[in-house]
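Please take these sequences and the hints and turn them into a complete structure.
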Amino acid sequence: MNLQPMKIHYDLLNLRMNQAEQKVTCELMMPAKLPDFYNPPLGADPVVLHVKHPTQDKHSVTLMRDCLHKNLLHAKLVSDKDSYLLVFTDRYTGMLTAYFKSTEPFVAKYAEPGRIPFPSAKLQSVVSQMLDGLKGLWLYDKYHGNLRLDNTYYYKTKDGDVVVKLASFKCQGTKLKDPAKKGKDKTETVAHYQAKDLQAMGTALEEISQMASDLSEKGYLLDCRQIDHLAERLKEVSKGEMHYIMDEIRTCPFFWTRVERK
625 MNLQPMKIHY DLLNLRMNQA EQKVTCELMM PAKLPDFYNP PLGADPVVLH
675 VKHPTQDKHS VTLMRDCLHK NLLHAKLVSD KDSYLLVFTD RYTGMLTAYF
725 KSTEPFVAKY AEPGRIPFPS AKLQSVVSQM LDGLKGLWLY DKYHGNLRLD
775 NTYYYKTKDG DVVVKLASFK CQGTKLKDPA KKGKDKTETV AHYQAKDLQA
825 MGTALEEISQ MASDLSEKGY LLDCRQIDHL AERLKEVSKG EMHYIMDEIR
875 TCPFFWTRVE RK
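Residue numbers (our numbering): 625 to 886.
These are computed hints drawn from the structure, not numbers from a lab.
Just so we're clear, the structure is a prediction, and the values are computed from it rather than from any experiment.
We put the CB at the ideal spot given by N, CA and C, even for glycine.
Some clues are possibly wrong.
What the hints assert, rightly or not - Think about it this way: if two alpha-carbon atoms lie no more than 20 Å apart in a straight line, the pair counts; the simulated SDA-like pairs of lysine to any residue are:
no., residue 1, residue 2
1, Lys-682, Val-814
2, Lys-820, Lys-859
3, Lys-794, Asn-775
4, Lys-794, Asn-770
5, Lys-746, Gly-864
6, Lys-794, Tyr-764
7, Lys-725, Ser-833
8, Lys-842, Tyr-723
9, Lys-759, Lys-859
10, Lys-859, Tyr-817
11, Lys-759, His-693
12, Lys-859, Arg-874
13, Lys-842, Ser-726
14, Lys-725, Gly-784
15, Lys-725, Gln-834
16, Lys-859, Leu-773
17, Lys-794, Gly-760
18, Lys-694, Ser-792
19, Lys-859, Asp-774
20, Lys-859, Ser-752
To be verified - Across the chosen pairs, the derived CB separations fall in these ranges:
no., residue 1, residue 2, range
21, Ser-840, His-867, 37 to 45 Å
22, Ser-837, Arg-882, 19 to 27 Å
23, Leu-845, Lys-725, 14 to 22 Å
24, Thr-721, Asp-785, 13 to 21 Å
25, Gly-843, Pro-877, 20 to 28 Å
26, Thr-717, Glu-865, 28 to 36 Å
27, Thr-686, Gly-843, 32 to 40 Å
28, Lys-759, Glu-856, 27 to 35 Å
29, Gly-843, Tyr-764, 42 to 50 Å
30, Ser-837, His-867, 31 to 39 Å
31, Asp-871, Thr-813, 18 to 26 Å
See below:
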């Protein structure tokens, strides 16, 4: 049987160029029925056109393609046959940094200025999903290597729910001298970098805590001690704790429900 390659016809809409990163983002309109794992099909999907040479983003795109999880930005189709890298991804609404610039993740919709219960359910959900995404990578014996709020995506459903999408993965190739091998280099274990991801998560929580504190200028009084406590614990994680740390983190007061707080 002579199989012919599938021809895909598409239109790129609303192109936006990022000169610093040599990246073009836009929306994709195409008739082809590409697999959609987590969202109902729509007429337009986002597409990222990387102007850099394909090898520079190959690691990140490989994880996006091979590691399937609700909280990982999935690459449904990748083309790297030319001098650029074309990636057709899950839909996303924006970056978490933009989301945290609003009051939505911190304050209930109809809350009045004053002392506000904190953390909010939405903030708990976002942080929990970030951890779930990391755990999804662990199932494939992988790590993120580049976790930050400004390179983490989110998708807002028509019901207003926020779905976190980790992306922008980076291979960490740190070499250490191995005395047992007479000066030859050795590579750190995957667990080492998985612990580094949780430490980076702690740094991200510190940024979120600062954003929450800034809301005091608008009259919202948020007690950030629980998020600060979680951030401090995450920044202390070591690779020797990886087999139990996620269960321990989930017991932190930050994740307690309203019933558990009574």
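### Query
Keeping to a limit of 20 Å between CA atoms, is the pair of Lys-859 and Leu-773 held or broken?
16 Å, holds
### Task
Look at the Cβ atoms of Leu-845 and Lys-725 and judge whether their distance stays inside 14 to 22 Å.
19 Å, holds
### Outcome for the supplied range 37 to 45 Å, where the beta carbon pair is Ser-840 and His-867
Since Ser-840 and His-867 have Cβ atoms about 40 Å apart, the given range 37 to 45 Å holds.
### Message
Range first: 32 to 40 Å. Now tell me if the beta carbons of Thr-686 and Gly-843 are that far apart.
### Response
Given about 47 Å between the Cβ atoms, the range is violated.
### Query
Given the hinted pair Lys-794 and Gly-760, is their alpha-carbon gap at most 20 Å?
16 Å, holds
### Query
Do the alpha carbons of Lys-725 and Ser-833 lie within 20 Å of each other, as the hint requires?
Roughly 12 Å between the alpha carbons, so the hint for Lys-725 and Ser-833 holds.
### Asp-785 and Thr-721 - C-beta distance against the hinted 13 to 21 Å
19 Å, holds
### Query
Are the Cα positions of Lys-725 and Gln-834 separated by 20 Å at most?
Within the cut-off at roughly 11 Å; holds.
### Query
Are the Cα positions of Lys-820 and Lys-859 separated by 20 Å at most?
8 Å, holds
#### Entry: 20 Å limit on alpha-carbon distance, applied to hinted pair Lys-746 and Gly-864
This hinted pair is violated, its Cα atoms lying about 31 Å apart.
### Query
When you check the alpha-carbon spacing of Lys-859 and Tyr-817, does it fall within 20 Å?
13 Å, holds
### Task
Given the hint of 42 to 50 Å, check if Gly-843 and Tyr-764 actually sit that far apart at their C-beta atoms.
45 Å, holds
Of the numbered hints given earlier, the model fails hints 5, 27, 28; all others are met.
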